[in-house]
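> Given only the sequences and the hints, what does the whole structure look like? Please build it.
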Amino acid sequence: MHKISNQKKLLVLLISLIAVTLISIFLGVQNLSLGELFTFSPKALLIFKLRFPRIITALVVGAIMALSGLIIQSVTGNRIADTSILGINAGAGLGVVIYYSLVDSGLIHGQALLLILAIIGACMASIILFYLAREYGRINNQKLILNGIAIGVVILAFSSLLALRLSYPILNMYTTWTSGSIYGAKYADLIFLIPCLVFTILYMMNKHLIIDRLILGDELAASLGVEVKQEKFKLIMVTVLSVSICTAFSGPYAFIGMIIPNIIRKLFTNVNRFLIPATAMCGSIFLILADDLSRTVFADASVPSGMIVICLLAPLFFVVLKE
Amino acid sequence: MNNKQFFVAVLILIVVAITSFVVAITLGAADISITNVIDAVVFHKTDNLDQSIIIQTRLPRVISVACSGLLLAVSGYLTQLVTRNDLGDPSLLGTNAGSYFMVVVFFAFFAHLGNQYVFAFSLFGAILTSVFLIILAFGKESAGSFKIIIVGTVINSFFMAITNILAINTQQLARVNMYNAGGFSGIDTQYVPVLIGLTIITALFIVTHLRRINLLSLDDGLVKSLGFNPDLNRLRFLIMIVLIQGISVAITGPVFYIGLIIPHICKSIFKGTKASMQVILISLIGIIALLLLDLGTRFIIQGVEIPINILLGVLVGPLLIYVINRKGGSNA
Numbered sequence: 001m002h003k004i005s006n007q008k009k010l011l012v013l014l015i016s017l018i019a020v021t022l023i024s025i026f027l028g029v030q031n032l033s034l035g036e037l038f039t040f041s042p043k044a045l046l047i048f049k050l051r052f053p054r055i056i057t058a059l060v061v062g063a064i065m066a067l068s069g070l071i072i073q074s075v076t077g078n079r080i081a082d083t084s085i086l087g088i089n090a091g092a093g094l095g096v097v098i099y100y101s102l103v104d105s106g107l108i109h110g111q112a113l114l115l116i117l118a119i120i121g122a123c124m125a126s127i128i129l130f131y132l133a134r135e136y137g138r139i140n141n142q143k144l145i146l147n148g149i150a151i152g153v154v155i156l157a158f159s160s161l162l163a164l165r166l167s168y169p170i171l172n173m174y175t176t177w178t179s180g181s182i183y184g185a186k187y188a189d190l191i192f193l194i195p196c197l198v199f200t201i202l203y204m205m206n207k208h209l210i211i212d213r214l215i216l217g218d219e220l221a222a223s224l225g226v227e228v229k230q231e232k233f234k235l236i237m238v239t240v241l242s243v244s245i246c247t248a249f250s251g252p253y254a255f256i257g258m259i260i261p262n263i264i265r266k267l268f269t270n271v272n273r274f275l276i277p278a279t280a281m282c283g284s285i286f287l288i289l290a291d292d293l294s295r296t297v298f299a300d301a302s303v304p305s306g307m308i309v310i311c312l313l314a315p316l317f318f319v320v321l322k323e
Numbered sequence: 001m002n003n004k005q006f007f008v009a010v011l012i013l014i015v016v017a018i019t020s021f022v023v024a025i026t027l028g029a030a031d032i033s034i035t036n037v038i039d040a041v042v043f044h045k046t047d048n049l050d051q052s053i054i055i056q057t058r059l060p061r062v063i064s065v066a067c068s069g070l071l072l073a074v075s076g077y078l079t080q081l082v083t084r085n086d087l088g089d090p091s092l093l094g095t096n097a098g099s100y101f102m103v104v105v106f107f108a109f110f111a112h113l114g115n116q117y118v119f120a121f122s123l124f125g126a127i128l129t130s131v132f133l134i135i136l137a138f139g140k141e142s143a144g145s146f147k148i149i150i151v152g153t154v155i156n157s158f159f160m161a162i163t164n165i166l167a168i169n170t171q172q173l174a175r176v177n178m179y180n181a182g183g184f185s186g187i188d189t190q191y192v193p194v195l196i197g198l199t200i201i202t203a204l205f206i207v208t209h210l211r212r213i214n215l216l217s218l219d220d221g222l223v224k225s226l227g228f229n230p231d232l233n234r235l236r237f238l239i240m241i242v243l244i245q246g247i248s249v250a251i252t253g254p255v256f257y258i259g260l261i262i263p264h265i266c267k268s269i270f271k272g273t274k275a276s277m278q279v280i281l282i283s284l285i286g287i288i289a290l291l292l293l294d295l296g297t298r299f300i301i302q303g304v305e306i307p308i309n310i311l312l313g314v315l316v317g318p319l320l321i322y323v324i325n326r327k328g329g330s331n332a
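As given, the protein sequences belong to chains A and B, one line each in that order.
The letter at position 61 of the first sequence is residue 61 when you use the working numbering, and the numbering goes up by one with no holes.
The letter at position 272 of the second sequence is residue 272 when you use the working numbering, and the numbering goes up by one with no holes.
In case anyone wonders, no lab produced these hints; they're calculated from the structure.
Built from N, CA and C at the ideal position, the CB exists for glycine as well.
It cannot be assumed that every hint is accurate.
To be verified - BS3-like, lysine-lysine: derived pairs with alpha carbons at most 25 Å apart:
hint: 1; chain 1: A; residue 1: LYS186; chain 2: A; residue 2: LYS43
hint: 2; chain 1: A; residue 1: LYS8; chain 2: A; residue 2: LYS143
hint: 3; chain 1: B; residue 1: LYS147; chain 2: A; residue 2: LYS143
hint: 4; chain 1: B; residue 1: LYS4; chain 2: B; residue 2: LYS267
hint: 5; chain 1: B; residue 1: LYS147; chain 2: A; residue 2: LYS266
hint: 6; chain 1: A; residue 1: LYS43; chain 2: A; residue 2: LYS143
hint: 7; chain 1: A; residue 1: LYS266; chain 2: A; residue 2: LYS8
hint: 8; chain 1: A; residue 1: LYS143; chain 2: B; residue 2: LYS267
hint: 9; chain 1: A; residue 1: LYS207; chain 2: A; residue 2: LYS266
Unchecked claim - Derived coverage of chain A by chain B (criterion: at least 3 residues anywhere in the stretch with Cβ under 8 Å from a Cβ of chain B; other residues may be distant):
hint: 10; region: 138-147
hint: 11; region: 160-173
hint: 12; region: 307-317
As structure tokens, this is what we get:
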């Protein structure tokens, strides 16, 4: 059989990403015709103010979540790991609740503080996690996952405890956030999100050979000249940072990181030079489509895209597990 | 632990359970004197407001808390024995979420049938998830805790997501929210007899199955040589677990982690005790623990009632981490 080269597959993904992005501009409660778009009618301006940042946010968040899953899976050698099952997203979430509590008490507010708190939360969660999962100087895979789930439970409980004390409008903001929603995306958020994505992709692409070697196992990677501990640490740090920034803005999106990389591994050869861009693009396409669904089909019910993502991807998890 | 020690322990636990029961009835937002409590509970007097508060709100609540404590602790312990897994617990395995999902489906689409059908739906949810879990996690070989827990976690978040979507469109949102918090503050008093009945059935089941409970912890070959069918034996307990889960979730909503942590506490206090003794100790400790926790939800933060699941997450989570990480402990 004729085999399609990886480059061609990447090209197809890129074209579909662009197509999905463009089509999404026209999807929503307010229909927009091509003519209106180019005449800069008030409606078009409104859409550029509200819908466009939302699409771009979905693109960035989808890509980062999917990439984070790919990296965590490569580093831990576990195909069903991702930041949400490891409780790292929950850690960022705790930071977000603390931020909302501070806003509620009228002390301070500001995007930067939100980001800092989310990052601190995610870092704390991952430090505790990797500390607990260590066994004889290396990471025990099963312990990592079990501890991740347990840490997620604890952090979630503490977050809910804090959320109990929030007053009404802010509590509402917080519950919308927890279900995973890019409903209120603003251009101001993109100032943080886009550099975050660009940096993550550049960093990962720069390290793609090292990631390839890390998959082979610690000993083999070390014999191939990789500083295993250092490289793993750096990769996890970058992942935790980018995920916590995304989570701060968009809420915890579960399963994208767990499932998308596994789909991509089926389609592409197992070389990170291709896997990384493909995973990022596939994650973007997926989240943009999920957000389109929440904006169109489920618009009346205002179902957050995070829940649509879970409903679509959770069944796929069992397919992955069966293998 | 010999028989004498066992009876002393049971006696002490019964005394503690009764004490906490009385304390739980007496303490509350309204300041009620002990004589009023005795008048109301023992002599069924409803002469004044205090006595009717006791009869109408506090007594049903405390009774249902005590019943749930026993049911949850026992079903958790039996799950751990049947799955041979230290982390076996309905809330971690997702059967809780399955019943809860069907309860919300009922309120969303079938509420006009009449409230009693909620039990059928909840039971169906518990059965569905259990079957699903057995197919997925138990292949030919018995599955390690690792796989079961992962599958359970995913089932949990899957059902919770759908449940939340349904809840958005449900007119009975208030009802669903009450369940979400998982707790006893809004419990419907007409279901308390059902809960009491289930508790009695469970207690009878345990007392008549003490020998079979011991068999659960034995090797399959050994069980066969004793003249029992190990699979059928497990099936009996599985049916009981599903029954307890299905009915109690329909009444109280999902209450997390009690079934996980009470058996662990009990096993570490009474090391090396037979399963048949253990299960009785566990049910008593379950009653005491849930009574005290429910009191805690009312008193830890002044003026706010903490949903019991949040309190449980805060208290039990660290213990869960300990269970996972203790040396040579869980068979992960």
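> With a cut-off of 25 Å on the C-alpha distance, tell me whether A/LYS266 and A/LYS8 pass.
16 Å, holds
> Given the hint that B/LYS147 pairs with A/LYS143, test it: the Cα-Cα distance must not exceed 25 Å.
12 Å, holds
> Please work out if A/LYS43 and A/LYS143 have their alpha carbons no farther apart than 25 Å.
Not satisfied, since the Cα-Cα distance of roughly 53 Å exceeds 25 Å.
> Verify the proposed pairing of A/LYS8 with A/LYS143, using a straight-line Cα cut of 25 Å.
40 Å, violated
> Mind checking, does the region 138-147 of chain A have 3 or more residues with a CB under 8 Å from chain B?
Result for this restraint: holds, n = 5.
> Take the region 160-173 of chain A, compare each residue's beta carbon with every beta carbon of chain B, and decide whether three or more fall closer than 8 Å.
n = 4 at 8 Å, threshold three: holds.
> Can you confirm whether chain B covers the region 307-317 of chain A, using C-beta to C-beta distances below 8 Å and requiring at least three such residues?
holds (count 6)
> Straight-line Cα separation of A/LYS143 and B/LYS267 no greater than 25 Å?
Given pair A/LYS143, B/LYS267 holds - Cα atoms ~22 Å apart, limit 25 Å.
> Take a quick look at whether B/LYS147 and A/LYS266 sit within 25 Å of each other, Cα to Cα.
Status holds; Cα separation ~22 Å.
> Given the hint that A/LYS207 pairs with A/LYS266, does the C-alpha gap stay at or below 25 Å?
Given that 25 Å is the threshold and the Cα spacing comes to 22 Å, the pair holds.
> Given the hint that A/LYS186 pairs with A/LYS43, does the C-alpha gap stay at or below 25 Å?
17 Å, holds
> Take the C-alpha atoms of B/LYS4 and B/LYS267, compute the straight-line distance between them, and say whether it is at most 25 Å.
18 Å, holds
Checked against the numbered hints listed earlier, the structure breaks hints 2 and 6; every other hint is satisfied.
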